[in-house]
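Make one complex out of these two single chains by using the hints.
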Amino acid sequence: MKPAAFDYYRPTTIGDAIEALGSSEVSKVLAGGQSLIPSMNFRLSLPELLVDIRDVDGLDKLEADPEGVTIGASVTQSRVMAYEGAADIVPGLRSALRFVGHLQIRNRGTVCGSLAHADPAAELPALAIATGATIEIRGPAGVRTVGAGDFFLGPFWTDLGHGEIVTGVHFPAQPSGGVTVVDEIARRSGDFAIAGLAAVFEIRGGAVGAARPVSFGVSGVAGRMAAAEEAIRGFDPGNDGSDLYAAAYEDAADAVDDVHANAEYRREALGALLVRAARSAVGSNGDRTGV
Amino acid sequence: MASNPGSREADVSVTINGTQVTYRVPARLLLSDFIRDVVGLTGTHVGCEHGYCGACTVIVDGDAIRSCSTLAVQVDGSAIRTVEDLADDGELTPMQQAFHENHAMQCGFCTAGFLMTLESVDPDDYREPEQVVELLSGNLCRCTGYQNIVKAVCSAWGVEGHKGT
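Residue numbers (the working numbering), protein chains in the order written: chain C, 6 to 296; chain G, 16 to 180.
Chain G extracted, bound-state conformation (with noise of 0.2 Å):
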């Protein structure tokens, strides 16, 4: 049998949140956990670890994924934001100055992943109340702030229709 070609550990370089890092790191080490532990960035949340719950939404090369069920090592060479990127000049986003006025969180651990699945996609696309259900179904809040945070996202996107108190 030939030797196995592979390592226990790698570079990975990305741009994360518009600054250039490079770090040797295990293969093993979870996405969530280089941008928490080695980068340092702790507003990205860490909850179920198995790609259920949605805390841990990031946007790499403009997509949302979940970073509990990526290895830092896949997105070598990507571009991630996070959601210390959204306000990174002090002023709140439309979107979290919708949550701060819908009260749109309670314990606000869930918050960051709802704030980068939103940030992701094209407000365009999500016209009806039941589209913008659809997309937050995979983030869970579990002080069940659903209906705040479905309010937010039709006040910030101009969405008619919500029957949300």
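Excised from the complex, chain C in its bound form (with noise of 0.2 Å):
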């Protein structure tokens, strides 16, 4: 069990990164590798050309200011959950970066790589998706950026076009009044969900203003609840979560099949989630205890 051959290079510059990315149909890029080499060691992925970006010039900025945190695509999610300022601006990347593999991968694998990787039980996405995180990327056509929301469209597959590398990412910094929460059910620590939600909920007066929940692991990719989003306005600590459960299993009619749990597991744990998440939140700033 070991990758095909292929070739390798290294640039030092985007714009090299960019030419040799074209430069061959089957070109990927490798940054932390913590999805790729297993999945090639697995020959499940078979790349021609690995455009290794580790030494691209300007890729590796991490910065935080009161708008909110920018990652470059060679930084790694160890060096994110240990940066202070990062997690008092987003504490939601702490939330979830924890969940992510375990301590030994995040010490190579990128923030930028998982959302480029679009794994649909993966933390990262979903995360960026709730916070209105904003994605940049490069390509032969020059600089764009794309919306969490608009940029994952289905397993494993996203809005970049070939050629093209995500260099960063910027997540908005958490509201005044605000509450993040990540949570997920996973058979073993470690391990990829079987159903998660990120979600950042607005506060208001004790009750839930406003929120934006976010599934993953639960269907083919991470997305918005539409029902949930509607139920859990004026959500307070003395509501019994029922509507919201029921809006959360509406809003998981596509959920998948597998070895590790059915789709009717699969709604109901994500209901039981976004009960638990908005219980917390409203706890939390709320001048009642959550029940």
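A hint or two may mislead.
Simulated coverage check for chain G against chain C, where a stretch passes if three residues somewhere in it have a Cβ under 8 Å from a Cβ of chain C [claimed, not checked]: (1) 36-43; (2) 76-83.
With beta-carbon atoms standing in for the labels, derived distance ranges [as the list claims (entries may be wrong)]: (3) G:T37 with C:T17: 16 to 26 Å; (4) C:H167 with G:G105: 54 to 64 Å; (5) G:E143 with C:A87: 12 to 22 Å; (6) G:G176 with C:A191: 18 to 28 Å; (7) C:R48 with G:S18: 23 to 33 Å; (8) G:C158 with C:G239: 52 to 62 Å; (9) C:G90 with G:G33: 29 to 39 Å; (10) C:S181 with G:D104: 55 to 65 Å; (11) C:G182 with G:Q112: 50 to 60 Å; (12) G:C158 with C:K66: 42 to 52 Å; (13) G:T37 with C:E234: 55 to 65 Å.
Just so you know, these hints were derived from the structure itself, not from any lab. Yeah, the Cβ is synthetic: ideal placement off N, Cα and C, and Gly gets one too.
Structure below.
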């Protein structure tokens, strides 16, 4: 079980990286490689050319300001977790990253790599949608930005075109009065989620004013939950959660069946996760404790 | 279409356990196979080969990583430490001694990975037994020796409150 042969290239400029990606029909960007290399070990992925971006100038940027946190393509998940400035501005980053693989994987895996890989059970795409993150992409036609809500199209499928690279992601600061919750159900610590939720809540007067919950691991792609967004308005600590649960269940109508859990289980788990998250959100900012 | 600028082989220069080495290797060579088959250090074990079991954990520039999910060419220029570096003068480290005293292994296949994960972190960050368990969650032991492993770590680091047998 070893990767099939491929050509390897390690450029130092983004221009050379993009040109190289365009030189083969089957080229892939190599950042941390924590999804790509296991997939190549199984020969599920058979690239002709790997473009290693570790030495590319300008991709190792990690910056936080009151507006948000900007993370370059070669920044590892461990580096973001350890960065105190990021934790204060976008608390969801640390909440999500603690679920990503294990220490050894986060030490090499990158935030942008997880977004570009778009595993339906991954935490970071869901967090990006929930927070309204913006993804910066460079390619043969220049630079463009895409909102996370428009970036994830399906399982391992994004808006990225051939020859394009995710060069960075910007997570906007959590709004004042906001609470971010990332939670999931997995068989073992570090496993992919059977059902997961990332949600940003705006708390007004002890109740949920508005929220953007995003499911992951439930269907083929992380996505917003339209019924739950409606049902959650006004959720307060006295709410029994049944309407919210039913809305989340409805939102998960396209839940998948697999060896880990059937669709019914995933729908129920998502409902339970959302009610738990909403209670925690109003409990943490409200004047009454969540039930 | 421009010609592909990549190559099937590349030079890898690393410091491994303090010794500088350079080899020309296939780009597809995994770091685990580089360490075992090219450098000849067989203390690093290869288990699942897809980043799940942690048996192949080594330290690269201070960080514990999975050597089976990393290409050798990716760590060109780095400093690597493997389990052979721990007792290179023949004297066990305090953690190795604690593993010995607590019988923290059965077959021993996973042990090098556990030791390198432990070697990579600051014990001050792990003061509760639950934190030790979380730290070790990326290393599998199929002899189910976890209780004694956690006991050994708590003993070596002076972590109190472990309820294991």
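Going through the hints against the structure:
1. 36-43: holds (count 3)
2. 76-83: holds (count 5)
3. G:T37 with C:T17: 16 to 26 Å: With Cβ atoms ~20 Å apart, the hint holds.
4. C:H167 with G:G105: 54 to 64 Å: holds, 55 Å
5. G:E143 with C:A87: 12 to 22 Å: holds, 19 Å
6. G:G176 with C:A191: 18 to 28 Å: holds, 26 Å
7. C:R48 with G:S18: 23 to 33 Å: Roughly 26 Å apart at Cβ, these two residues keep to the hinted range, so it holds.
8. G:C158 with C:G239: 52 to 62 Å: The hinted range 52 to 62 Å holds for C158 (chain G) and G239 (chain C), with Cβ atoms some 54 Å apart.
9. C:G90 with G:G33: 29 to 39 Å: Holds: the Cβ-Cβ distance is about 35 Å, inside 29 to 39 Å.
10. C:S181 with G:D104: 55 to 65 Å: holds, 57 Å
11. C:G182 with G:Q112: 50 to 60 Å: holds, 53 Å
12. G:C158 with C:K66: 42 to 52 Å: For C158 (chain G) and K66 (chain C) the Cβ distance comes to about 45 Å; the hint holds.
13. G:T37 with C:E234: 55 to 65 Å: Given range 55 to 65 Å: holds, Cβ gap about 57 Å.
The earlier numbered hints are all upheld by this structure, with none contradicted.
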